[in-house]
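Chains as they are written, first to last, in our numbering: chain G, 105 to 534; chain E, 105 to 534.
Source of the hints: derived by calculation from the structure; they are not laboratory data. Take these hints with a grain of salt, some might be off.
A pair counts as met if it fits within one copy or between any two copies, since identical chains are not told apart.
Unchecked claim - SDA-like cross-link-like pairs, simulated, lysine to any residue; straight-line CA separation at most 25 Å:
#1 Lys438 - Ala167
#2 Lys438 - Gly474
#3 Lys438 - Glu423
#4 Lys438 - Asn505
#5 Lys438 - Arg319
#6 Lys438 - Val272
#7 Lys438 - Gly521
#8 Lys438 - Glu256
#9 Lys438 - Val226
#10 Lys438 - Asp374
#11 Lys438 - Pro175
#12 Lys438 - Asp359
#13 Lys438 - Gln227
#14 Lys438 - Asp364
#15 Lys438 - Val399
#16 Lys438 - Arg497
#17 Lys438 - Glu403
#18 Lys438 - Thr457
2 protein chains.
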Amino acid sequence: MSEQPESERPAPGVSRRGLFGLALGAGAAGLALGAGGGATAGVAVGRAREADASASAYEFYGAHQAGVVTPVQDHLHFAAFDMMPRTNRDDLVSLLQDWTYAAARLTQGLDVSASGAVGGPVQAPPDDTGEALGLPASGLTLTFGFGPTLFELDGEDRFGIAAGRPAVLERLPAFLGDDLDPAASNGDLCIQACADDPQVAVHAVRNLSRIAFGRARLRWSQLGFGRTSRTTTTQATPRNLFGFKDGTANILAGDRAGLDEHVWVAASDDPAWMAGGSYLVARKIAMMIETWDRVPLSEQQTIVGRTKAEGAPLSGGDEFAAPDFAAVDTAGTKAIPETSHVRLAHPDQNGGTRILRRGYNFVDGNNDLGRLDAGLFFLSFQRDPQQFVRLQRSLSSDVMNEYLRHVGSGLWAVPPGIAPGSFVGAGLFG
Amino acid sequence: MSEQPESERPAPGVSRRGLFGLALGAGAAGLALGAGGGATAGVAVGRAREADASASAYEFYGAHQAGVVTPVQDHLHFAAFDMMPRTNRDDLVSLLQDWTYAAARLTQGLDVSASGAVGGPVQAPPDDTGEALGLPASGLTLTFGFGPTLFELDGEDRFGIAAGRPAVLERLPAFLGDDLDPAASNGDLCIQACADDPQVAVHAVRNLSRIAFGRARLRWSQLGFGRTSRTTTTQATPRNLFGFKDGTANILAGDRAGLDEHVWVAASDDPAWMAGGSYLVARKIAMMIETWDRVPLSEQQTIVGRTKAEGAPLSGGDEFAAPDFAAVDTAGTKAIPETSHVRLAHPDQNGGTRILRRGYNFVDGNNDLGRLDAGLFFLSFQRDPQQFVRLQRSLSSDVMNEYLRHVGSGLWAVPPGIAPGSFVGAGLFG
Chain G
105 MSEQPESERP APGVSRRGLF GLALGAGAAG LALGAGGGAT AGVAVGRARE ADASASAYEF
165 YGAHQAGVVT PVQDHLHFAA FDMMPRTNRD DLVSLLQDWT YAAARLTQGL DVSASGAVGG
225 PVQAPPDDTG EALGLPASGL TLTFGFGPTL FELDGEDRFG IAAGRPAVLE RLPAFLGDDL
285 DPAASNGDLC IQACADDPQV AVHAVRNLSR IAFGRARLRW SQLGFGRTSR TTTTQATPRN
345 LFGFKDGTAN ILAGDRAGLD EHVWVAASDD PAWMAGGSYL VARKIAMMIE TWDRVPLSEQ
405 QTIVGRTKAE GAPLSGGDEF AAPDFAAVDT AGTKAIPETS HVRLAHPDQN GGTRILRRGY
465 NFVDGNNDLG RLDAGLFFLS FQRDPQQFVR LQRSLSSDVM NEYLRHVGSG LWAVPPGIAP
525 GSFVGAGLFG
Chain E
105 MSEQPESERP APGVSRRGLF GLALGAGAAG LALGAGGGAT AGVAVGRARE ADASASAYEF
165 YGAHQAGVVT PVQDHLHFAA FDMMPRTNRD DLVSLLQDWT YAAARLTQGL DVSASGAVGG
225 PVQAPPDDTG EALGLPASGL TLTFGFGPTL FELDGEDRFG IAAGRPAVLE RLPAFLGDDL
285 DPAASNGDLC IQACADDPQV AVHAVRNLSR IAFGRARLRW SQLGFGRTSR TTTTQATPRN
345 LFGFKDGTAN ILAGDRAGLD EHVWVAASDD PAWMAGGSYL VARKIAMMIE TWDRVPLSEQ
405 QTIVGRTKAE GAPLSGGDEF AAPDFAAVDT AGTKAIPETS HVRLAHPDQN GGTRILRRGY
465 NFVDGNNDLG RLDAGLFFLS FQRDPQQFVR LQRSLSSDVM NEYLRHVGSG LWAVPPGIAP
525 GSFVGAGLFG
């Protein structure tokens, strides 16, 4: 075992249920002797041995959770969980410990535990489900969040954490045009899994769901592809399913001052345990793409406020030119219409309000009318949820709304980064 | 226009509705003057100019349709269509011509028409929806199929093609354990879109659906990822969501004799217009992954008949060793159990019957119980559908069935490859 990298060893103080609790749960207690124990299989092929697990692996530990300013990966599996009835504070803490232990491994391209998919006793169910065997880390990040209901549900403080609840962590207000499905909204906990291989993201959510067995249950989940945001200077701006570039004016990972002002909770903000964290908003936005596709190009462009080809503001320049909202054409008409999306969402029109967007396109098959069930799974990180609220309210007069329907919504507090030996959100539990 | 590559020019004899019919459909007939006509936008940024469109582009024309023996791409968008009520033979032919025209372009990394997403009149809806602007061909293949109902629906020969119906093209028989959803089964036509970028596959299906407007309508569609099949000697065998390698003993692209015997319809087979074609079976197989995950490793392996780590047959050797079905252990027990999947599906146990598998994993979110709605979207190509029927019947005693539920099914005749200037299935229309 001396050849194992640091990340293969369970961190001190972290529950090892993630390591062998699954076998216990399946009634094979006598066999579950831990990684080094008893009747292990002859085969010992782990992910790290089949592939270069270090390829595109992001550091798990740090001041902030990964998956916020990390260059946006190609694929998403987002999952919201509810704690099971009659679970208590110890269950929640052990779950967060077990998730942390597993996430520290999965993000490094390792199986969910040291015995993993094939290295445990053959008479027991494997710890790891195995579909990522042989696949590298694939840039996997796992980002955890705590929803308002974790702190208080129907007036009850189930986990003794209500005192630590951020005052700003309230269910999002209703917005014009909301048509929310409770089965695709909210949740006590969330996990944002992003990776360059969808099988790796799905494997992570599946195994973290499995680890949660008896403590938390998957409430809803969403797959996405074709990131719609740009978070580094080198990433090209991808396109949403309206065919337009999306994320041009995003906050970039190198913009430390911008991130500190708009994304990361400061040490001076309340509560103290959230310092270095952020707030995550998810909105499942169905796009009426068949209707949009019948809109003339010129009208599509005035709705967005940018050209379709280059993504340049209609006031001129290239994609990255600042929009000139005062610019008028020879007839005196505003080059960028008052009701255009880019104007209504722009920081200059919203008192400097900015958010870090990290959305993905989705297609969930089609509906009974033969129309693709498609749209944008919008994700944004902000220092205060009111930043999102302000922008979303500003968009109430957005003519693009005619082609959108918000069908899912959620808000979660994203705890700060994790130190080796600790677990996500440890500061909340004192 | 002289700079345009061959594939940008409409092939002679092919309907140009795909080129400008969309604008007509939107009531802007006066503006739709074709690629070279009238009020074109100043911008002319096409996919081919933003990216190297030739990167990983497969030849569209040839003796066989692409997407059968092509090395399996990472992503799938499969779509089944029904012809609209009151459509006739001319509608069907024009649809196939328009689809062919568009597919010849899309697979080369081009927009759906020469004016595309941003090169047409700004006063008209663009021909192309635009979300693939800037993306390369990404290995896109588009494979078309004709279902039994295209030839005869409720006893009616809607398109005057019943005489050309292959005798073997009958709706698949019911199999033990079928729990088929009509909304995820069958269809007059199908398109298998495979690409290494899901946005490119989705873009193709979306635009082909749009071209079909008024003639055919999307019946159902399915996204998939993480191909489960191996079709070349160099592709590693991917894993299904049971965590096992899937596709080890597949027919390989280089095995000309095997393909001719098992996959391609021969010139001596009936009907003549299908020579060089194949038959495509799709099965949406839901996997009870939570239940599977509680099965001990040893039992998982005896159910499959292979080891989980290497995918080696339980009779010994490496992944590619031939299973020895006669091998017994010291107690006289068969090394590969009688009811194991590998034994029941193996050619040696089925009179030499083989099929070319090309399946994908899928995850469609989760159900009300918090379980991932996941499984295998099985796709196979065979010279005669009875090959699949034989193997599927053989699997009726497969103990793996306890963990599977077949929820979707379909069979289509896949016409041979297309010559420049012709269209898919032209031979059927004489």
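Now for the hints, and whether the structure bears them out:
1. Lys438 - Ala167: Neither, since 45 Å and 56 Å both go past 25 Å.
2. Lys438 - Gly474: neither (39 Å within a copy, 50 Å between copies)
3. Lys438 - Glu423: within (19 Å within a copy, 67 Å between copies)
4. Lys438 - Asn505: Within one copy only: 21 Å inside, 64 Å across.
5. Lys438 - Arg319: neither (56 Å within a copy, 41 Å between copies)
6. Lys438 - Val272: Cα proximity of Lys438 and Val272: none, with 37 Å in one copy and 64 Å across.
7. Lys438 - Gly521: neither (45 Å within a copy, 53 Å between copies)
8. Lys438 - Glu256: Neither: 48 Å inside a copy, 58 Å across copies.
9. Lys438 - Val226: So Lys438 and Val226 pass the 25 Å test across copies only (18 Å; inside, 71 Å).
10. Lys438 - Asp374: neither (42 Å within a copy, 66 Å between copies)
11. Lys438 - Pro175: neither (35 Å within a copy, 52 Å between copies)
12. Lys438 - Asp359: Answer is neither: 31 Å inside a copy and 64 Å across each miss the 25 Å cutoff.
13. Lys438 - Gln227: The answer is between: 19 Å across copies meets 25 Å, while 72 Å in one copy does not.
14. Lys438 - Asp364: neither (34 Å within a copy, 65 Å between copies)
15. Lys438 - Val399: For Lys438 and Val399, the Cα distance is within 25 Å only inside one copy (21 Å; across copies 66 Å).
16. Lys438 - Arg497: Result: close within a single copy only, 22 Å intra versus 68 Å inter.
17. Lys438 - Glu403: within (14 Å within a copy, 70 Å between copies)
18. Lys438 - Thr457: The answer is within: 23 Å in one copy meets 25 Å, while 69 Å across copies does not.
Violated hints for the displayed structure, listed by number in ascending order: 1, 2, 5, 6, 7, 8, 10, 11, 12 and 14.
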